[in-house]
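Undergrad: With the sequences and hints as input, model every part of the structure.
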Amino acid sequence: MNDHRGHARRVGDNVNTDYIIASTRKKETLDENVLKRYLFEAIDPAFAGSVRTGDVLVAGTNFGCGSAMEVAATVVLAAGIPIVLARSFARSFYRNAINNGLLPIECDTSDILEGDMISLSTDVAGTTILNERSGRRETRPPLDGIAGDILAAGGLVPYLRREGRFVRAEDSAS
Amino acid sequence: MTGQTISEKILSAKSGGSARAGDVVVCDVDLVLGTDASAPMAIGYFDRMGGTRVHDASRVVFALDHYSPPTSPATKGFHEQVRAFAAKHGVRVYEVGEGISHQIAVERGLARPGMLIVGADSHTVTCGATNAFATGVGSSDLAAAMLTGQLWFRVPQTVRVVLDGARPTGVAAKDVALAMVATLGADGAEYHALEFTGPGAAGFSFDDRLVLSNLAVEAGAKAAVWEADAVLGAHLAHFSDRGEPVAADRNARYAREVVFDLASLVPTVAAPHSPENAVPILRASGTPIHMVFLGTCTGGRVADYHEALAVLERGGGRVANGVQLVVTPASSEVERQLAADGTLGKLARMGATITMPGCGACCGTSGVVPGDGMNVLSTANRNFKARMGNATASIYLASPAACAAAALTGRITDPRSVGVA
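The listed protein sequences correspond, in order, to chains G and P. The first sequence maps to residues 1 to 174 in my numbering. The second sequence maps to residues 175 to 595 in my numbering.
Hints were generated in silico from the structure; no laboratory data involved. Do not take every clue at face value.
Some chain G residues judged to face chain P by a derived CB distance under 10 Å, without partners named [claimed, not checked]:
id, residue
1, Tyr19
2, Glu41
3, Ala68
4, Ile150
Pairs of lysine-lysine, DSSO-like flavour, derived with a Cα cap of 27 Å [to be verified]:
id, chain 1, residue 1, chain 2, residue 2
5, P, Lys262, P, Lys250
6, G, Lys36, P, Lys559
7, P, Lys250, G, Lys36
Far from chain P, some chain G residues (derived; all Cβ distances over 10 Å) [stated by the list, open to error]:
id, residue
8, Asp3
9, Cys107
10, Asp123
We put the CB at the ideal spot given by N, CA and C, even for glycine.
TA: Written as structure tokens, this is what we have:
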């Protein structure tokens, strides 16, 4: 993930994974291209029909809390959303996102409104998030350690196919 | 030098180094738990990772608990997929009806002191009651743990939860747990481990501890570890392998300390649609209830049904008209004990719907789904909108005793008032 522009799709605080995709939907199929029709159905029934490829999901605190079910990450990706901005993430969703190549960025999302154009640019200093409407800009440091390596590899599958195991940078350097 | 918390010590031992809060470590995992809701996807990741063999099949267990029984061709297919993978790789499967993965782990002695346990189910944290570091992961991490025997972790800071004073009569572990979630908030323990301690801890039975560890994830906790003491020792006495107890150093560094004055707690209800919406039951009293659910990894153990039955009998033993009482034991072992001591028979004669052990109605994956507009009072851990499979239902959470009281009256009722003239 380098540079990206997309419209903000706004959700609130404490959005749990059942709200992202219901456990009852997951029992019929794990195919994210089918499940994406039900994305956020419990809290915003119109969401799945209006989401566009490249949209940026913008949440408040504790995004992805509750169940650790991984379809909550794969369905967001299947809907064409490559990035989630949140004030904070639940740890299981955060890991699942990274493992599937969905970029989670912790940042201040308080001034981002539905539909705002968000542009992201990444360099060695990290990722800069610009709200084009408000002009607010924030730079977040790059993900370090194994999480950063997994994300850079494109997810846990390509990472483990390449490495065969988990490798800490400080261990591989020695 | 600063000492270590229980979590830091376990992650140190499993990573072969010194693990301090904030460090990233790669650990050997002692127990890997998968379910029918998470293992099918994990098998897909495992195959795409190029997996040909499970690193150590003796450390991996699957439980067919979410779709118990399977109610569709798709869920039946998930079971067949899990069984086939398990047979190929020599992984033990706990079959449909044998129980919930983390309940099986504790009651069969698979979860023991000092262990590092990962489960592709967020309520794996329940196993922290055994003085283990137990945490929930997704399917891809489950696959990685099966493939490599390891997983990476950022060592969490620890919140020291001090249980102080004595619990009043009529205040259940569930009431303490709901108050804990409300006090911490839905994200109050995010990225943190909890460590339970304090003079009041000894007053919590092993089953009580499972309830507090279970609910800890509703405050975002990564793990919820109890100390190894005589209460845990009594539970472990049933097993030959009793693990390696881990104690925190006296000078361990904690992110913060939260003290619960147990004497001040009262029966509690979490209102829709979040477990953090916990309020004293008196503030919700009178709310009509149409379905009462006694079950799950929070409230589906033997002591829970005994508490519920005691309230039901004290109140005359008649379930109110218009209330469906659903009973789903957390495991076949719980079911066996309840059948043997007559509890299940008594509940059945009161009109309870008794279903196969497993997750049941908790997340709408099997069991009874509430009708449109119904209010449910449940011993479960989550009351998110649509959680039980109907977005128009409203779910309240409470103790087994409070659930039983509502079954008698058809409305939220302080269980302490039942049978009092």
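Undergrad: Which of the listed hints are broken here?
TA: none
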